[in-house]
Amino acid sequence: MNTKYKQNIWQATHCSLNFFGLFIAFNTAQNIQSEALEDDGFGKLGFWSIGILYLSIMVGCFFSTAVQNKIGDVKCMALGSLLNTPWILSFALCGYKKENPNNDAFYLREDFITILIVVLSIINGLGQAIQWVGQGKYMSDCATEETKGFFFSYFWLFYMASQIFGNLIAAFCLNSMSQSSMFVILGLISFVSSISSLFLRKPNINVSRNDLNSSQQIARRNSQIFKIAEDNANEAQDVAILGGTRNTVGNMQGQGSQLDIPKKPTLKEEIISLCVMLFSARMRRLVPQLFWTGISIAFYSSALTPMITETIQDSGKKLERSMIAMVIFGIGQVAGSLLVGQIIDRRGSKYVSMLNCGIIFIMTFCTLAFLGINKFNMLAFLMTFIWGVQDAFVNINCLQILGFEFDNNSEPFSIFNMAQALGVFIFQIIESVIDSRIKYMIYTGFIGLIGLYSCGLTYFFDFREHNSQPLEVRISKINISLQSKEQNFDEHRV
3 MNTKYKQNIW QATHCSLNFF GLFIAFNTAQ NIQSEALEDD GFGKLGFWSI
53 GILYLSIMVG CFFSTAVQNK IGDVKCMALG SLLNTPWILS FALCGYKKEN
103 PNNDAFYLRE DFITILIVVL SIINGLGQAI QWVGQGKYMS DCATEETKGF
153 FFSYFWLFYM ASQIFGNLIA AFCLNSMSQS SMFVILGLIS FVSSISSLFL
203 RKPNINVSRN DLNSSQQIAR RNSQIFKIAE DNANEAQDVA ILGGTRNTVG
253 NMQGQGSQLD IPKKPTLKEE IISLCVMLFS ARMRRLVPQL FWTGISIAFY
303 SSALTPMITE TIQDSGKKLE RSMIAMVIFG IGQVAGSLLV GQIIDRRGSK
353 YVSMLNCGII FIMTFCTLAF LGINKFNMLA FLMTFIWGVQ DAFVNINCLQ
403 ILGFEFDNNS EPFSIFNMAQ ALGVFIFQII ESVIDSRIKY MIYTGFIGLI
453 GLYSCGLTYF FDFREHNSQP LEVRISKINI SLQSKEQNFD EHRV
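In case it helps, this note's numbering puts the sequence shown at residues 3 to 496.
The hints are simulated quantities; they were obtained by calculation from the structure and are not laboratory data.
Here the structure is a predicted model, which means the values were calculated and not measured.
Glycine is no exception: its CB is placed at the ideal position from the N, C-alpha and C atoms.
Here are the computed distance ranges between Cβ atoms for each label pair:
# : residue 1 : residue 2 : range
1 : VAL61     : LEU451    : 27 to 35 Å
2 : PRO267    : ILE440    : 50 to 58 Å
3 : GLY350    : ASP113    : 48 to 56 Å
My request is simple: use the sequences and hints to build the entire structure.
The following block contains the structure:
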């Protein structure tokens, strides 16, 4: 492995394995619960549970940056993971009630189970909001400008491999044990992963002595430089980065940086800052693609499985076979993550934006073809595979843009979770009322157009080409710029 990829690889692997275990449980429960709860006699409760969960994520995003700044990224991930476990276990009650129809215990009453699932969906959503902000911050700290594509795709590889193993586990469990037992097993997997999150180590951010000398030079002349460089936003940002606002130098021990530690903002200031970034010109170009990732989640978690089960004649094998088809979705996610990281590092995000549009067009065509044929055949596997590839390409592109194209990497991930959650909530509710193949075809064509527009708009995002250069080149340019500005300052002073 190239040396530049070795730094923080163990931290990234530990984080990725935690999410692998956690989302074996979460994704499997998410994919199956809408169909399972309907079979258990709870109607559309599964759809509403997912919708409420993502609505809670959206609300939690207003506070997630403040929580992350207060307790740190590792504790955010651990707490968010822990709150996921009760939500999964609550679905076991639905299956247990169906298996024991004559049991009159209060915890098996339909109204009690419904209220419990709704409350736990809200709590889990708030936990997911801080968990994903913590993950984005942690993985951004593991990566550099040169390795961002690799590290985010590396994480996504583990994260979405959970779709493969999770759906295989679900297919096996549904064939060999009760539905309630399956949800208990998934809950235990989630709990173990949340405990493992507590042992994550902080990423190492190494800076060379030349980089450190440059930062100390900047610190000593901070007041002069910022007065002169205020007309140059990119250079001012680089000075701030080297001065420690992205923790590049501030975490170095024993080097005696003279920079002042800024006062921590209040919750009100955090929310105002988040809103300012949300409505900024650059973020407005990206928000539609962030929203699209929520539409994608809503479709593959709540529409793909019912679409597939409707084409299977054997009622006893519907859920089992649909889970096998969703395994192919996970394989598509893994294949997409292996490809897109290399493409980002070699060709850039604009190129990936064009690829995303092409993939969405093919994906929409395959989905409409499957609905038109209305038979469970190889097209079902091709459709789920392309959905997986699309989801990996779009999400990884979003993650690396959010981690490296803005002034900090906490607020952008809060906005990502907010836009994604809003997309899931709205389209989850829409999908809950779709009850025919014709409606699914109209709906598929509609969201296909949204996807093409959303991902196409990202091509026009104002990418920071300067930030895509290696750190050594950026430091060299800054030093040259500093010398020039100091000369100009001396001339003005004379």
